[in-house]
Structure formats: C-alpha cells, structure tokens
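Undergrad: One letter stands for each residue in the lines below.
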Amino acid sequence: MRTFGTIDLLAFATAFQYTILLVVLALIIGAPLALGFAMLRVSRFAPLRWLSAAFLQVIQGVPLLALLMFIYFALPTFLGIRLPPLLAVTAAFTLYTAVFLGEIWRGGIEAVKRTQWEAAACLGLGAWQQFRHVIAPQALKIALPASVGFLVQLIKGTSLAAIVGFIELTRAGQLSAAATLQPLLVYSIIAAIYFVVCFPLTQLSRRLEARLNGAR
Amino acid sequence: MALVEIKNLRKTFGKLEVIKDVSLTVEQGDIVAIIGRSGSGKSTLLRCINGLEDIQGGSITVGGRDVSAKMAGLKEYRQRVGIVFQQFNLFPHMNVLKNVTLAPILTGKIKKPQARKLAEDSLTTVGLLDKIEAWPEQLSGGQQQRVAIARCLAMKPELMLFDEVTSALDPELVGEVLKVMEDMARQGMTMILVTHEMNFARNVANKVVFMHHGRIWEQGHPDQMLGDPQTPELQAFISSSRT
Ligand SMILES: Nc1ncnc2c1ncn2[C@@H]1O[C@H](COP(=O)(O)OP(=O)(O)OP(=O)(O)O)[C@@H](O)[C@H]1O
Ligand SMILES: [Mg+2]
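If you read the sequences in order, they're chains Y and X.
First residue of the first sequence: 1, per the working numbering; consecutive thereafter.
First residue of the second sequence: 1, per the working numbering; consecutive thereafter.
Be aware that a few hints might be false.
The calculated DSSO-like cross-link candidates involving lysine-lysine, where the alpha carbons are at most 27 angstroms apart (straight line), are [as the list claims (entries may be wrong)]: (1) Y/Lys141 to X/Lys156; (2) X/Lys75 to Y/Lys113; (3) X/Lys20 to X/Lys207; (4) X/Lys117 to X/Lys98; (5) X/Lys112 to Y/Lys141; (6) X/Lys117 to Y/Lys113; (7) X/Lys156 to X/Lys207; (8) Y/Lys113 to X/Lys207.
Treat the hints as calculated values from the structure; they're not laboratory data.
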C-alpha cells in the first residue's frame with residue numbers, strides 16, 4: 001500500500017488522454033459511418049432500409065458493455081485472432097457511434113419537410129445535391145443538440161473500456177484505488193474530471209436546444 | 001409542334017384512379033388555366049407534367065421528349081420547366097440571393113461571379129430587388145412566393161407550372177403575385193396554372209380547362225368557358241365560385 005499522491009494524479013492525466021483518444025477515434029471513424037448509416041435508413045431502396053433497420057435493432061438491443069466484451073473476448077474464439085485492446089474498444093465505440101449518432105441524424109433528416117426535397121428536385125438538382133445543399137444543413141441544425149448530447153454519452157461510455165483492461169480514466173482510477181485503498185478520494189476525483197468535461201457540453205446542448213425551439 | 005402534348009393520361013394511387021384519360025395540348029406562349037373542385041386531380045396533373053409522379057398510362061411529351069418520373073435526363077428536363085407550389089418551399093437556411101442562385105450555380109448554368117447579376121435580374125422581374133439579402137422568414141407570404149417565382153425564373157425555363165400559388169396568401173397579398181404572373185404572361189412565357197382566381201383565368205389565360213373527377217370535362221376559350229359553360233357541372237362550379 002502507498003499513499004495517494006502526485007503519481008496518481010499523473011496517471012489520471014495520462015489515462016484521461018486515452019479517454020479523449022477513444023472519443024476522438026470513435027467520432028472520426030464513426031461520424032462518416034453515421035452519415036452513411038442515416039442515409040441507408042432513409043434510402044429509397046427498401047432492402048437497404050430493412051437491412052439497416054435490422055442492424056440498428058441488434059446494436060440497440062445489446063448493452064454497450066456486452067458489445068465491447070463480444071468484440072474483445074468472443075471474436076477471437078472464432079476469428080482466431082485477439083485484437084489489441086485499443087483496436088477492440090475503438091471498434092466497439094465506433095460501431096456504437098455509427099448507429100446511435102446515425103439514428104439521431106436520421107431523425108434530423110426526416111424532420112426536414114419532404115417538400116424541401118421536392119423543391120430542390122424541381123429545380124433540377126441531383127439527389128446528392130438536394131441532400132448536400134438543401135436537406136443536410138437543415139437536418140444538422142435540428143440534430144445538433146441531440147448530437148452534443150450523444151457526445152456526452154460517448155465520453156461517459158468510454159469508461160466501459162476499463163472492463164477489457166484498457167487503461168482510460170476509469171481504469172486508472174480502479175488501479176489507483178486498489179493501490180492506495182482510498183476509493184472515496186480516488187473516485188471522487190475521477191467523477192469530478194468526467195463532470196468538468198461533460199457539464200459544459202450538457203449546457204451547450206441545452207442552449208442549442210432552446211435556440212432551435214425558439215427559432216421555429 | 002405543340003410544346004406540351006398530353007395523350008390519354010392515366011394516373012392512379014393504388015386503387016384510386018385520379019387522372020382518367022386526359023388529353024391536353026399546350027402551344028408555345030399559351031396561358032392555360034386549370035380550374036375544378038378540390039380533389040379533381042389538378043395538382044396531380046401538374047405533378048405528372050413535372051415528372052414528380054409516375055404515370056400508369058398514356059403519354060406526356062414536352063418539347064418533343066417523352067416525360068415520366070423514370071425518364072433518363074429527368075434532372076435536365078426539370079432545369080427547363082419551373083414549378084411553383086402553394087407553399088412557397090423556399091430554403092429557410094439561405095437568404096434570397098442564395099435561394100435564387102443555388103440551382104443555376106449547381107447545375108452549371110452560370111458561374112459564381114455572374115450569379116448575383118442573374119439574381120438581380122430575376123428579382124427585378126418580381127419587384128423584389130431590395131430584398132436580395134433578406135431571409136425567407138423576414139418576408140411576407142406574397143414576397144416569399146415572388147422569390148419562389150424568381151428562383152424558377154433564374155433557371156430560364158421554357159415552361160412554368162403554378163399550383164394554386166395564391167391560395168395560401170392573405171387576400172391583400174394575392175394581387176402582387178398575380179401581377180408578376182401577368183407580366184410573365186405578357187413576356188411570352190408558356191404557363192400552365194391551377195387557380196381559383198376566376199378573374200385571372202378570364203383576363204390572362206387564353207385557354208381554360210375544367211377538371212372534374214379526374215377528367216377534362218370541358219375546355220375552351222375563357223370567355224366561352226366562364227361566360228357560357230356547356231355542362232351542368234361547370235355551370236355549378238362557376239356559380240359556386242362566384243363569391
Ligand atoms: N400521394 C397521394 N397518394 C394518394 N392519393 C393521393 C395522393 N395525392 C393525391 N391523391 C388523391 O388524388 C386525388 C386528386 O388530388 P389532387 O391533389 O390532384 O386534387 P386537386 O384537384 O389538386 O385538389 P385541390 O384543389 O384540393 O388541391 C385526391 O382524391 C387525393 O386525395
Ligand atoms: Mg391541388
């Protein structure tokens with residue numbers, strides 16, 4: 001046993017960078033996939049809609065923790081390869097982002113009136129131009145509050161990566177608590193760090209929401 | 001050859017037959033007013049002409065080309081045919097300038113540096129040059145509708161379709177929109193318009209078409225159609241729309 005000290009704080013700082021790394025990776029890879037997924041969900045081709053809806057049901061019906069454990073522990077048993085923790089957790093959070101953020105964006109796209117598509121089509125714009133210039137900007141504005149809300153979920157969700165031994169903020173807290181036997185102090189600090197990051201985002205989301213409702 | 005040639009058009013929504021054997025010829029420069037009760041198929045007919053609805057029978061030919069929702073080159077076709085709806089459908093996230101120039105730029109009709117000039121010309125036609133930097137939400141209904149018309153004009157269409165473009169407007173705003181349409185008619189634009197404005201049909205159109213239960217029940221010159229209707233249905237319609 002040792003006393004809680006600078007070394008723990010430094011460990012938290014390092015681990016926090018990994019938390020951020022996870023979030024950033026999930027967003028960088030997941031956001032384009034989310035856009036693709038949203039477009040599949042509203043596709044004019046029914047089979048694509050069905051497939052993406054089924055996929056959504058699966059991912060929505062499984063706890064994130066189970067998804068994480070599936071990719072890290074279960075995949076190797078039939079693929080024969082063990083993914084390194086960073087890869088496994090990135091895969092899980094990317095999938096999570098693609099589907100949930102994609103659903104939020106689908107909602108935004110569908111909230112834009114159908115007549116906007118029609119007006120753009122009638123001016124001779126192609127399907128992609130209609131989406132890119134007329135629908136997407138309006139959908140994004142509608143979906144922005146919920147997207148920021150999702151970001152908060154994602155940041156907190158990365159703590160689940162601790163379960164596969166990936167050392168992000170929560171895992172660093174576990175290790176520190178075990179070494180110092182000061183769980184109250186350690187977890188208070190960990191919680192405070194999450195809070196300091198998430199609170200402004202929650203506020204931002206709320207502000208955006210209010211502005212959106214005020215606008216129309 | 002006629003600009004628009006519709007032959008034996010049939011359109012159904014599921015079991016509901018909305019357009020039954022409609023044939024109509026529109027010459028270059030014609031102003032055709034379509035009148036009729038709610039649900040008689042007027043909007044659907046316009047939407048078919050613009051390739052917004054697939055058709056179940058007959059044919060629509062515009063400028064010598066067969067038109068359908070599945071036609072190759074639908075995009076290019078729509079660049080030559082403007083349509084204005086009852087709800088103006090402006091793009092709320094763009095100012096007037098961008099609303100008017102988006103399509104000409106994206107479709108390559110014009111380069112960006114010339115776009116403003118084009119917008120100024122179109123907006124002058126509808127009398128809204130001073131609103132070029134305004135946002136749709138800052139405009140009255142009548143002004144929004146005139147911007148919607150300018151947005152079509154910027155594409156330099158050879159045919160314009162109007163679907164009850166004044167029906168959503170407060171009565172005092174109807175006149176300004178009708179005036180713009182009258183100016184366009186005088187400039188020689190070919191127009192097909194669905195309208196409840198009988199005076200406009202009488203004074204501006206050179207042909208009136210009365211639709212009833214998905215058919216063209218009666219058509220002809222406005223004076224004859226509105227002054228001396230032949231069928232009891234048109235007689236009833238005209239006396240009911242005289243307010
Ligand atoms: N997308 C659709 N699906 C099913 N039925 C439709 C659809 N669009 C129109 N209809 C039906 O087709 C018929 C004709 O509609 P349409 O809108 O063409 O009439 P209209 O003459 O324009 O009437 P109004 O004066 O009320 O605008 C109506 O019975 C309507 O309910
Ligand atoms: Mg109608």
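Undergrad: Each hint should be assessed against the structure and marked as holding or not.
TA: Going through the hints against the structure:
1. Y/Lys141 to X/Lys156: Violated. Y/Lys141 to X/Lys156 sits at ~32 angstroms, over the 27 angstroms cutoff.
2. X/Lys75 to Y/Lys113: Holds. X/Lys75 to Y/Lys113 sits at ~21 angstroms (cutoff 27 angstroms).
3. X/Lys20 to X/Lys207: 20 angstroms, holds
4. X/Lys117 to X/Lys98: 12 angstroms, holds
5. X/Lys112 to Y/Lys141: 26 angstroms, holds
6. X/Lys117 to Y/Lys113: 30 angstroms, violated
7. X/Lys156 to X/Lys207: The given pair, whose Cα atoms are some 23 angstroms apart, holds under the 27 angstroms limit.
8. Y/Lys113 to X/Lys207: 34 angstroms, violated
In this structure, the hints that do not hold are numbers 1, 6, 8, in rising order.
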